[in-house]
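Student: So you can see what is in the structure, the chains are spelled out below.
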Amino acid sequence: MTPWIIDKIKYLVGALFAAIFLWALFWTVWGVVQEPPAETAEHAMHKHPEKLALASDGPLGKFDRRQLQRGFQVYKEVCATCHSLNLVSFRNLKDLGYTDPEVKKIAKDWAVKQPVFDEKGGTWGERDNAPADRFPKVYYAGTGSPPDLSLITKARHDGAAYVHSLLTGYNQKPPAEAVKKFPEFAKTPEGMHFNPYFANLNIAMPPPLTQDGQVTYADGTRATVDQMSKDVAAFLVWTAEPTLETRRMVGWVVLGFLLLATILAYGAYRVVWANVKH
Amino acid sequence: MSFPWAKHYEPKNPVMQWVDSRLPLPRFVYNAVGAGYPVPRNLNYWWNFGVLAGVALVCQLITGIVLAMHFHSSAVGAFESVNVGIMRDVNAGWFLRFAHANGASMFFIVIYIHMFRGLYYGSYKAPREMVWLLGVVIFLLLMATAFMGYVLPWGQMSFWGAQVITGFFSAIPVVGDWIRIWLLGGYAPDDATLNRFFSLHYLLPFVVAGAVILHIWALHIPGSSNPTGVEVKGEQDTVPFHPYYTAKDGVGVLVFLMVFSVLIFFAPDYLGHPDNYIPANPLSTPAHIVPEWYFWPFYAILRACTSNFILDAKLWGVIAMFASILVLFFLPWLDNSPVRSGSYRPAYRIAFWVLVADVLLLGWCGGSPAEPLYVILSQIGAAYYFAHFLIIVPLISRYETPKPLPNSITEAVLAKTGA
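Residue numbers (the numbering used here), protein chains in the order written: chain A, 1 to 278; chain B, 279 to 697.
Keep in mind that the hints were calculated from the coordinates and are not lab data. Virtual Cβ for every residue (Gly too), placed ideally from N, Cα, C. Keep in mind that a hint or two might mislead.
Now the in silico label distances, taken between C-beta atoms and shown as ranges [said to hold, decoys possible]:
no., chain 1, residue 1, chain 2, residue 2, range
1, B, Ile-603, A, Lys-113, 53 to 59 Å
2, B, Met-347, A, Tyr-11, 49 to 55 Å
3, A, Val-29, B, Leu-638, 32 to 38 Å
4, B, Leu-478, A, Gln-211, 54 to 60 Å
5, A, Ile-263, B, Phe-281, 51 to 57 Å
6, B, Trp-631, A, Lys-47, 54 to 60 Å
7, A, Ile-263, B, Ala-470, 50 to 56 Å
8, B, Asn-586, A, Pro-183, 53 to 59 Å
9, A, Trp-4, B, Glu-288, 36 to 42 Å
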């Protein structure tokens, strides 16, 4: 005979845990009733990124090399002033269709130089970039801390669509109704810019793409703000994973092989079990 | 340790004869996963998942060992060695990394299905309690391994995950803070933390492998359970593991690899969190700190404790979270029904599916922000979770009238196939 208490202890422990959670439930519900959760400014004003279609989307997607080159041009002429691209090397640009001499020239002409330490003199100097170098770090003294852009499309929900929407989302005012509820949004703080696609709604980055034709594309594409944002978003999809196309190509081969192997394995299974009911 | 009609190993090849008479390793393998292990003939596809877990473990070991060759275990170098070195410069490094990260998810998918199969078919009951207990030990080891592995890329979620999880220990009264500092090797996650996590992340999978051997050993004493829950009565109830179940598991392994490949090659970041592509920054807390999906049900239980109840709410959360796993150790003695399979237990079967729904609900809440709606649902879900194991299952096992069991596995099979 198991002593009574050993037999019943499971019910006691179960009841204790259930009681703790129901007790917490009671107070949570009580709290919600006493003080219904107020709508937050983020909830009232934040917008999800607009859909963006890129050539690299989907399991069959391939990069549009000309678009990547245009996007790189936008990065170089606009973004690079404040944002680094430190996980990417100049030599990687050959993927975009640039030749060796072109990559060499891009590296050499890059505005930010590579820091070098002089062991003899104990001082820091700098030299021109070479194709083997990574894009140099950018040191920014102003308000905010511009993130490195190498992985930005992987580091934000909806990656490329977010970049495109953020870059084109500046000329919007907070909805009048929302401002009534959150009067602090009537006036954007000094040095900040309202952007409904940014998590905090007010972003330190001034609108980077302000007018059509800000960049002159070599391939004759009309450089509207929308076009430039799309191109740079496409480029940043590439910087986040330059091996994207290889990954998918290998994937199709692997899946094809596995499908064939599965059919054979299933056939083998049927043959082996043919005379055994199960 | 096996049925009397199990085939005996008789090597025909002289080399194998030579080896077997000196070291009976071929015999050991033959009796473990070869023709020498008789298995019930009626296992369904849910029984594939044990072998699949083994395959997942081997995948993780192989990709992990190669990744470790390219990984810099330091707070300064870890993020870069993963996101530049491995992802861009190492040949097929992107494959190794995505295979390892998604391999962890595949491992947990397989393990959870394997565990729920055990719950439904009563595989934890006598004489297989030891198999179940070792399984829970493996599950705990895997959770520890996966958590420490997630810290290694040193992204934002890695850092803040380590911060939150080690923070559990500071809930322990009096010595809590001291234990936390001892675990981290400092006041916050840093080099010391990263290095010890790397060391343990490399060690624990081999401990898991050892526990897996014990798990299989314990399984081979009574032999595999089966969907009817009726024990094997004679030779007509079993087939040799090889070629019958090697062929069936072969199909399962290939389907598993196809699902795995879809994740690796077409949606490698789908199960991850974008914030882990941001380098760890001790000065910037992410808006929502969430663990990987496979911890969500337990994370929901942790966060559901929001009110003090004699003890501090935070301490209750930690106790409840650990208790939610430890309760599984007692399951063989909480469920006293002599009938194993849920197919013959009408009330238990309902309770089982409600538990599945409850765990999914908890998982959904654990992955959502800590807003009142999700907290309320987690509290209901958590209360039910404990009630299921400690109150509902014991009561069902006492009062339920099971359906009549078939006399033997063969009888059940013949009835089903209409022969």
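Student: So, for every hint listed, does it hold in this structure?
Tutor: Hint by hint, here is what the structure shows:
At roughly 55 Å, the beta-carbon separation of Ile-603(B) and Lys-113(A) lies within the given 53 to 59 Å, and the hint holds. In this structure, Met-347(B) and Tyr-11(A) meet the distance hint of 49 to 55 Å, their C-beta atoms being roughly 53 Å apart. Against the hinted window of 32 to 38 Å, the Cβ-Cβ separation of Val-29(A) and Leu-638(B) comes to about 23 Å, which falls outside the hint. The hint said 54 to 60 Å for the Cβ distance between Leu-478(B) and Gln-211(A), and at roughly 56 Å that hint holds.
Between Ile-263(A) and Phe-281(B) the Cβ separation comes to about 34 Å, which falls outside the hinted range of 51 to 57 Å. Distance hint check: the CB atoms of Trp-631(B) and Lys-47(A) are about 40 Å apart, inconsistent with the given range 54 to 60 Å. Take Ile-263(A) and Ala-470(B): their Cβ atoms lie about 52 Å apart, and the range 50 to 56 Å holds. Between Asn-586(B) and Pro-183(A) the beta carbon distance is about 37 Å. The supplied range of 53 to 59 Å is therefore violated.
Taking the beta carbon of each, Trp-4(A) and Glu-288(B) are about 57 Å apart, not inside 36 to 42 Å as hinted.
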